[in-house]
Every structure is written in structure tokens, then in C-alpha cells.
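Visitor: Sequence:
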Amino acid sequence: MDRSILTKIEQGMESFTASEQKIAKYILNNLNEAVNLSIVEMAKKSGTSEASIVRFCKTLGLKGYQDLKIALSLNTVQNVKRDKILHEIINVDDSTKTILDKLSAGSIQAIHDTCNLLDIQSLNDAIEAIDKCDKIHIFGVGASLVVALDAQYKFTRINIPTFAFMDHHIGITAAVHLDERAVAIGISNTGRTVEIIESLKIAKEKGATTIAITQYGKSPIQDIADIVLFTANVENNFRSGAMASRISQLFVIDSLFIGVACKRYDEVIKHLRITKEALENKKY
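The letter at position 260 of the sequence shown is residue 401 when you use our numbering, and the numbering goes up by one with no holes.
If you're looking for bench data, these hints aren't it; they were derived computationally from the structure. Treat the hints loosely; a few may be bogus.
As the list claims (entries may be wrong) - In silico PhoX-like cross-links for lysine-lysine, where the CA-CA straight-line distance does not exceed 25 Å:
1) K238 - K273
2) K276 - K295
3) K210 - K166
4) K186 - K163
5) K204 - K238
6) K404 - K359
7) K163 - K295
8) K359 - K345
9) K210 - K345
10) K163 - K238
11) K210 - K238
12) K163 - K276
13) K166 - K404
What the hints assert, rightly or not - Between beta-carbon pairs, the in silico distance windows are:
14) I231 - E408: 40 to 48 Å
15) R196 - H318: 53 to 61 Å
16) K166 - K347: 38 to 46 Å
17) I249 - H412: 48 to 56 Å
Being a predicted model, the structure only gives us computed values, none of them experimental. Just so you know, even glycine gets a beta-carbon here, dropped at the ideal spot from N, CA and C.
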């Protein structure tokens with residue numbers, strides 16, 4: 142049963158419908174009471190309808206209301222404390238130490254929430270697809286491009302041809318030559334980045350396995366991705382650099398890399414040794 146239900150409810154708030162938001166807010170503010178309510182009582186307490194609650198359960202990936210109650214009770218039994226990390230409240234007069242503490246708290250929270258949101262089967266499917274592919278194309282813009290370049294470096298080191306494109310037109314030009322032996326990864330925090338969606342769509346049309354790395358919640362990129370890997374939406378008020386979202390995306394890339402490396406252990410060790418020696422020879 143889903144033990145990450147509270148994380149999903151919090152992370153998905155912005156993408157929920159108005160009725161779903163009412164239900165979500167009621168649950169988050171009244172967890173101990175919510176686990177004991179019938180669906181009729183939940184509808185009354187949240188100011189919605191039974192049908193809305195059923196749809197809310199489906200949105201969260203649950204089969205029905207009973208699954209929601211069980212998932213909520215697991216959080217209650219474990220006495221999960223949903224402390225709000227204060228990293229988003231960085232004030233201009235904060236000391237350097239305070240800023241450091243708030244940023245580290247935000248990074249830790251981002252990794253923790255992303256770990257809760259990642260579907261293990263989807264992650265396994267993505268690892269399997271990468272392990273079997275003959276090349277990877279990764280699409281990202283802005284801060285997500287930095288993550289794409291990190292992935293390119295990691296997978297290239299273990300001899301999987303990987304390409305991250307700094308120019309959108311070059312990315313599209315390359316995408317039209319993909320086939321069913323390739324994997325295309327689109328990284329978009331919002332899931333609405335036009336350039337990424339366009340590139341991923343072309344890759345899918347050409348037969349490539351498409352993977353989206355995006356924050357939890359409904360977004361257009363999910364409609365064209367064969368596999369969706371969710372990250373946490375933990376952002377602070379200084380949005381330049383998209384700090385927390387970048388940490389979440391890097392965590393997913395590391396998970397994919399380690400997963401593939403474990404499947405190819407003996408081969409990977411050899412490639413890492415060779416690349417390390419090549420880099421060592423460049424030092425003075």
C-alpha cells in the first residue's frame with residue numbers, strides 16, 4: 142500500500158481540480174479524523190461529493206476510497222510528522238549560516254519527497270530501457286539542461302552513447318533519426334516546456350522509448366512519455382537556478398545511472414577504470 146500518500150497530496154495540490162483541492166486540504170489539516178470517516182462523511186466534511194472523492198482517489202493512483210483510508214492510516218500509525226521545511230523563506234537579512242541551513246534543509250526535503258514519489262516499477266522500466274538501448278538523447282533547457290549534461294557525462298563514461306543538446310533545432314534534427322533502439326529523455330520541471338515536449342514527441346513518433354522527468358502532478362509531457370519519473374516540487378523564493386528542482390532531477394538521474402551500472406557491473410567497472418585513467422593522464 143502507498144506510504145507516500147501525504148507527499149503526493151501535498152505535491153499535487155496545484156494540479157488538482159477545485160474539488161480535489163478541497164479534499165486534499167481537508168485531509169492535510171485533519172489527518173487523524175480523516176482516516177476514520179466514511180466516504181459520505183468525507184464528502185460532507187470537505188464540502189464536496191462522493192463522486193469527487195472517488196475521482197480524487199483515481200488521481201492519486203488508488204483503486205478507491207478504501208485504499209485511500211488504508212494509505213492515510215499507515216501515515217498515522219507511523220506518526221509521520223509533516224514538518225514544513227523553512228528553506229523557502231530566505232530573507233535578505235539572513236546570515237550566511239542561516240542561508241546555508243535553509244538551503245541544505247530544502248535539498249534534503251527535495252530528495253526525500255522525490256524518493257517517496259518515484260514509482261519503483263516505472264524506475265525499473267526506465268533502467269531496463271536504458272540498459273537495452275543503443276543510444277540516449279536527452280532534452281532539457283535552462284536549469285534542466287545542466288541536469289541533461291550531467292546525465293550525458295555519466296552514461297558516456299560507461300560507454301552508452303548519450304547526447305544532450307544545447308540547441309533546440311539541433312535536438313529536433315537529431316530526434317528525427319531515432320528509432321526503436323533509442324531512448325529519449327525529456328527533463329522539464331513544470332512538464333510544460335514547449336521545446337522539450339516537441340522534441341520528445343518527435344522521438345516517440347520515430348519509435349524511441351520516451352522518458353519524462355517532471356514534477357508530480359498533471360502536465361502535458363506525461364501524454365507523450367512512455368515512462369514518467371516524478372520529482373518533488375520544492376522551490377524557494379530565489380528561483381534563479383531552480384535549486385531544489387535541480388537537486389530532485391539529479392537524484393533521478395543518479396538512480397537511473399546506478400540502476401544501469403548494477404545491471405552491467407563487470408562491464409561498467411572496466412569502462413570507469415579506462416575513463417579514469419584517461420582523465421588522470423590529463424593532469425599536470
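Visitor: It remains to establish, for every hint, whether it holds in the given structure.
Guide: Outcome of the hint check:
Under the criterion of a C-alpha separation no larger than 25 Å, the hint pairing K238 with K273 is inconsistent with the structure, at around 46 Å. As the CA atoms of K276 and K295 are separated by approximately 13 Å, the hinted pair is consistent with the 25 Å bound. At most 25 Å may separate the alpha-carbon atoms for a hinted pair to count; K210 and K166 meet this at roughly 15 Å. Taken as a hint, the K186 and K163 pair is honoured in the structure, with Cα atoms around 10 Å apart against an allowance of 25 Å.
The hinted pair formed by K204 and K238 fails the criterion: a straight-line CA distance of about 46 Å is larger than 25 Å. Between K404 and K359 the alpha-carbon distance is near 32 Å, which puts this suggested pair outside the 25 Å criterion. For a cut-off of 25 Å, the pair hint linking K163 to K295 is broken: about 43 Å separates their Cα positions. For the given pair, K359 sits about 20 Å from K345 by alpha-carbon distance, which is consistent with the 25 Å threshold.
Of the supplied pair hints, the one linking K210 and K345 is violated, its CA atoms being roughly 38 Å apart against a limit of 25 Å. For the proposed pair K163 and K238, the alpha carbon gap of about 38 Å is over 25 Å, so the pair is violated. Distance restraint check for K210 and K238: the Cα-Cα separation of roughly 42 Å exceeds the 25 Å cut-off, and the hinted pair is therefore not satisfied. Restraint check for K163 and K276: the C-alpha separation of about 45 Å exceeds 25 Å, so the hint is violated.
Taking the CA atoms of K166 and K404, the gap is near 42 Å; set against the 25 Å cutoff, the hint is violated. Taken as a hint, the range 40 to 48 Å holds for the pair I231 and E408, whose Cβ atoms sit roughly 44 Å apart. For R196 and H318, the Cβ-Cβ distance of about 42 Å falls outside the hinted range of 53 to 61 Å, so the restraint is violated. Distance hint for K166 and K347: a CB-CB separation of about 43 Å, consistent with the stated range 38 to 46 Å.
I249 and H412 have their C-beta atoms about 32 Å apart, which leaves the hinted 48 to 56 Å range violated.
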